[in-house]
Each structure stands twice: as structure tokens, then as C-alpha cells.
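J.: Going line by line, the protein sequences match chains A and B. Per the numbering used here, the first sequence runs over residues 1 to 290. Per the numbering used here, the second sequence runs over residues 291 to 388.
Hints should not be assumed to be uniformly reliable.
Restricting the straight-line Cα-Cα distance to at most 25 angstroms, the calculated cross-link-like pairs of lysine-lysine (DSS-like) are [to be verified]:
(1) K42/A to K358/B
(2) K292/B to K42/A
(3) K329/B to K42/A
Computed from the model, here is a short list of chain B residues facing chain A with C-beta under 7 angstroms [said to hold, decoys possible]:
(4) A297
(5) A299
(6) S304
(7) S305
(8) D306
(9) Q308
(10) L361
(11) C363
(12) R366
So the derived label-pair ranges between C-beta atoms look like this [unchecked claim]:
(13) T349/B to Q281/A: 21 to 27 angstroms
(14) S97/A to K345/B: 36 to 42 angstroms
(15) E385/B to R59/A: 47 to 53 angstroms
(16) R289/A to I354/B: 50 to 56 angstroms
(17) R337/B to S97/A: 45 to 51 angstroms
(18) I135/A to K292/B: 49 to 55 angstroms
For the record, the hints were derived by calculation from the structure and aren't laboratory data. What you are looking at is a predicted structure, and each value in this text was computed from that prediction instead of being measured. Every residue gets a Cβ at the ideal spot worked out from N, C-alpha and C, and that includes glycine.
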Amino acid sequence: MTLRRSMLFLPGANAAMLSTAFVYKPDSIMFDLEDAVSLREKDAARLLVFHALQNPMYRGIETVVRINPLSTPFGLKDLEAAVRAGVDVVRLPKTDSAADVHQLEAEVERIERAAGREVGSTRLMAAIESASGVINAVSIATSSPRLIGIALAGFDYVMDMQTERGDGTELFYARCAVLHAARAAGIDAFDVVYPDVNDEAGFLKEVELIRRLGFNGKSLINPRQIELLHQAYAPSKEDVDYARRVIAAAEAAERDGLGVIALNGKMIDAPIVNHARRTLQRADATGIRQ
Amino acid sequence: MKIIKQAIAGTLESSDLQVKVSPSPDDTLEIILSSEVIKQFGQQIRRVVDETLSKLQLTAGIIIIEDKGALDCAIRARLQTAVLRGAQCEELNWEQLS
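Modelling step: build the complete structure from the supplied sequences, incorporating the hints.
T.: Next comes the structure, spelled out in C-alpha cells:
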């Protein structure tokens, strides 16, 4: 089971953060070459990320690079650096249509061939940041076999919608649209960053909402949020105990040749058994909530 | 490749380094290295610096490096950034940078 609960953003130009972030053990580390890097440091950040990606300290953590849009003077150079350094996933910002992914895909393949890397080894993630992107979410999510997921990016989206971040109402349609597109395409879905790192209660409330909606995880801007998020995504002891009882009941019914499974007088059907299996797999992967 | 103008890259924060480059008046290559960890890692830092500049085929310039305990990957990146800026080199040759 590939866990993608936490994707920690790191400013690509910050050598100290790039040298230490692996100790926080997020599921993915996202080196940002876009918004977190000033225009005059784009060249420095690109080279810093290029070399950091090749350092053994990041082995065992999925690496992601957010490049600048290919329409800027920086995008293609960022992509060269990321692909040649062997990044796991390239994150494309401001994805409005499937054509954006196709353009990226073609460039990635060209670089893989030029660099002697296995064609198809670089995976992609599309960040949806506009009303157009949300409307085109299904065609974006199904646009490439390289896509591992799509992410909603909150700040640009709410600006495009002429609103602002609030209690989550402003993101409700976009979250559901992105999530449904991802599930229909069989890929992962990632939620927006929670900007107030000092508001732990607000963060946990948002995490509970997106976990229940079905998101795989969330983009994070501070390492302090990682453990909180991982705990919230871990099954509780009660969930695991119930799942074990469901599996035991299903196995007993199969052994006895019974078509109908009952547990404590309630009928258990196939989706509940499948959910129980997923709960136990997740508990194996994440541990049980403390 | 030669340094043709002054340039700077990096910071003096811990785990980083600052590299200043300037043209050499006598067309030679001069490297001045200082580091907080020179006693423990001086040889290793020097090796990374020499290897990085050699790959870039830098033949002339004054390179002043102030290291604050940076990892090898940061040393390579900051040196390359400063040299490419100082040489006004826009095109990236990825073989030289690897």
C-alpha cells in the first residue's frame, strides 16, 4: 500500500530545509520551484533541488518537484533538472485541461530518452487551481497513465472563484469534483494546504473532513502538521477490532457454506468485508491511532 | 569558461554556503575556502569544489567560498549557480552539472 497522506512543501531555494526535511518522514516531500521561490533565485533553487534529489538522504521518501508552468521561461529547465535527477513525481501547477498534461508528458518522455532514463519512470501529478481545471477534472485525471494523482490548490482556486478561504464551504464543490475525478480514474486525490500552522484544532477539523470525503492526503507547509495528519489517518483500535470481527465472521460463513454473513445480528455484505480488509491493510501500513 | 562579472549565490545560514565569484585580473583560477567545519571536512569540501569546477571547465576567476556546514549537494549547487551567473551562462549543460 503506497501511503500518500502527507506531502510536505519545501522551498526549493532553502539549503537548510532541503538538508534536514527527510528527518520528519512525510510520505512525500515536494520541492517547490514555483511560488515559494523568488524570480531571481529560480536558477539557484533549480540546481539545489537537482543535487538534493540525488542525495541518498531522500531514499525511502517519495520525491515530488513542483515545476513552474511550461509557459514560463523556467518551466522546461525545471523539468530537465527534475527528470534528469530521477525525481519520482513531477507536479504540474495550474493544470486547466488534459492538453496541459499531454504537453508535459511529451517533454518528460523527450528528457527521459535524452538522459538515458527508463521511459515512463517519471510519474506526474496535476494541480488544479482554477474553475476551468475543476470543470475539466475528469479529462485531466484520465489524461495520462503517468498520473499518480490530482491535487486541489486552494489559494489560486478561491481567487479564480472571486472568493476567499473560509470554513471550507468555498471549496466544497471543487473538493468533491476533484475527488470524484480521481476515483473514476483510479488515481489519488490530494487536498489543499492548511495555512495557519498555529491553529491545530482548525487543521484537525479540516483533516477529518477531507479524510471522510475520501482524500488520500493533504499538502502540508509545516513539519509539525505531519504527525497530526498521520494520526488522524490511522484507524482507531475500535475500527481495527471491528474489522477483525467482520473478517472472522466472513471466514466462518465461507467455511460453513453460508451465503449470508451476520455479525451481532447485523447483515454483513461484500462492501463491508472489503472495507474491513482495507482497514486492516491500512493499520498494517500506518499503525493504530494513539 | 571564465568568470566575467561579479556574482554571488547562497546564504550564510547554517547548512548553507555563500559563494562569491569575480573576474581574475591575471586570467588564473583562485579559490579561497573557509568553513566552520574545515578541520573535520576540509579535504572532502575541497574535493567537491575541485570536482565541480573541473566539470564546469572553469579556467579563470576568483572564487570565494564561505561554508556554514553545507552538505555536498548544496556545495555543488551553490558553486554552479555562482559560476554560471558570473560567466553569464544561460544554457545549462546537464552533463557538466551532474
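J.: Taking the hints in turn, state whether each one holds.
T.: Verification of the hints:
1. K42/A to K358/B: 22 angstroms, holds
2. K292/B to K42/A: 22 angstroms, holds
3. K329/B to K42/A: Measuring from Cα to Cα gives roughly 33 angstroms; hence the hint is violated.
4. A297: At 11 angstroms from the nearest chain A Cβ, A297/B fails the 7 angstroms test, so the hint is violated.
5. A299: 6 angstroms, holds
6. S304: OK, holds: S304/B within 7 angstroms of chain A, min 6 angstroms.
7. S305: Holds - the Cβ of S305/B comes within 7 angstroms of chain A, reaching about 4 angstroms at its closest.
8. D306: 4 angstroms, holds
9. Q308: 10 angstroms, violated
10. L361: 5 angstroms, holds
11. C363: 4 angstroms, holds
12. R366: Constraint on R366/B satisfied, holds at 5 angstroms.
13. T349/B to Q281/A: 21 to 27 angstroms: 59 angstroms, violated
14. S97/A to K345/B: 36 to 42 angstroms: This hint holds: roughly 40 angstroms between Cβ atoms.
15. E385/B to R59/A: 47 to 53 angstroms: 24 angstroms, violated
16. R289/A to I354/B: 50 to 56 angstroms: Given range 50 to 56 angstroms: holds, Cβ gap about 53 angstroms.
17. R337/B to S97/A: 45 to 51 angstroms: 48 angstroms, holds
18. I135/A to K292/B: 49 to 55 angstroms: Given range 49 to 55 angstroms: holds, Cβ gap about 53 angstroms.
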